[in-house]
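Student: If you want the building blocks of each chain, they are given just below.
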Amino acid sequence: MNALEIKNLSKSYPGFKLENLNLTLPKGCIMGLIGENGAGKSTTIKLILNMIRRDSGTITILGKDNRNNIRLSKEDIGVVLDEVGIPACLNAKQVNKVMKNTFRNWDERLYSEYLQKLAIPANKKFEDFSKGMKMKLGIAIALSHHAKLLLLDEATSGLDPVIRDEILDIFSEFTRNEEHAILISSHIVSDLEKICDYIAFLHQGKLLLCEEKDLLKAKYGIIHCTKEQLAEIDPKAIKGKKENPYGVEAIVLRTAIPVGMAISPIDIEQLFIFMAKEA
Amino acid sequence: MGGLLLKDIYQMIRYCKIFLVIAALFTVLAFSGNGNLFFLLFLGIIGGMLPMNLLAYDERDNWDIYANTLPYSRAQIVSVKYLIGLIIGAGLIILAAVLSVIMSDFRGLIWDLLLLLLTLNLLVTALVLPLTFKFGVAKGRIFYYVLLGICFAVSFALAELKKSMYIAFSVDFTMSNIVIVVIAIYLLSWLLSVRFYKKRQF
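Going line by line, the protein sequences match chains A and B. According to this note's numbering, the first sequence is numbered sequentially starting from 149. According to this note's numbering, the second sequence is numbered sequentially starting from 14.
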């Protein structure tokens, strides 16, 4: 059973359309949803949580259709949104009491462990927290009720590099349990590249690709050549190109490159930028 | 639903201290001397708007979105604000009852006045919440003022009509009848808010 399955999901707003989205997140895996601002990442997460009405398509969370008793499914989901959403006047201790009366599986001991681990003050009001501190509290809450699926919308933005690294380690640790999975959206591609098993590119509401990260790296490469040399390569194998007066830089399928042409490895950010420009 | 209620109570303790002072002051003014009904009615109106103020804080803090990611149904998210409305009503009644008894040298309670305070308080909450759940706090507040204006205009027109045309109203406007009508409006308002909120998109 997959942790999350999205099939033919569509949603349109005036001036924006999420088109025919298909994603499958297996258990034990982390999927990174990469896209520019307004690409449809938050819309996708809200659709998964049934917070907005879809035009068409189906969403299955941990084997259940998300339109059937989503309230119960939410017991197994930990969510962190970019604005977190904790009331300004509450401190972490009061949040504990609120969540204890919210989640059936709320684990006070685990919560206080996370507060300590992430250096979150227990008695300080949420309104006095820094942006990074707010995000850390959101993450601590999401991790303290034994959720099976984490949905993280820009959850690492606003964190300094050291804390970000710590948080990413916590996420990796979370998916060591084969029953757990994470869908994380971000435009900080380097974060996702570090921890994700699957990468999905979303650009202007369209899914450009969704594949295993290692497979992507093995499949594509970057070449520097002349326009004439590029013309010899099958156009279908070229995923994106950048022309300059000195030649062409292009991302191509490794299998389509003529013998002898030098090819360098790509990073996910490059691949996204090239593909988004080409789309 | 306990978590939602607890969160609202924490917020009320933090933000509504000033309201408690105003409530005590207005009750004293209402029951002192020959009494001044205006203060009691005004207290009912501002008390009735407190659940909307809580919704305004929810919007400001993005809790309205976050609450929808937690294991609560939309009906529960709405219902808790109506529960808070009842708690505020009960609180006001107790405060007014205690103060009025003390101020009248323990001669007893003026039940009609207390019930008037409660019904007005619940009526305002019942009017304001469906509009807020439908349109959000900023727009909902405008619609509420418009609705309040219409209510005043209609009641004024009815009173004038009754005077000029000698229409005999068959309804008996005793306090118990008014309480029953307001409870019915409160329940209807709750159902309407649930309906509106279920359709809301975030």
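Everything labelled a hint here was simulated from the structure, so no lab data went into it. You may find that some hints are simply not true.
Listed next, the in silico SDA-like pairs over lysine to any residue satisfying Cα-Cα at most 25 Å (straight line) [said to hold, decoys possible]:
1) K425/A <-> C358/A
2) K245/A <-> K212/B
3) K245/A <-> L112/B
4) K245/A <-> C29/B
5) K248/A <-> L99/B
6) K212/A <-> Q214/B
7) K147/B <-> F215/B
8) K212/B <-> K425/A
9) K272/A <-> N75/B
10) K212/B <-> P162/A
11) K212/B <-> T208/A
12) K241/A <-> R27/B
13) K296/A <-> S86/B
14) K425/A <-> G186/A
To give a feel for the contact side, a few chain A residues facing chain B, derived at Cβ under 7 Å [to be verified]:
15) L197
16) K222
17) E231
18) A236
19) K241
20) K245
21) T250
22) N253
23) W254
24) G306
25) I343
It should be emphasised that the depicted structure is a prediction, and the values quoted were computed from it without experimental measurement. Heads up, the beta-carbon is just placed ideally off N, CA and C, and yes, glycines get one too.
Student: Mind listing which of the numbered hints don't hold for this structure, in increasing order?
Tutor: 2, 3, 8, 19, 22, 23, 24, 25
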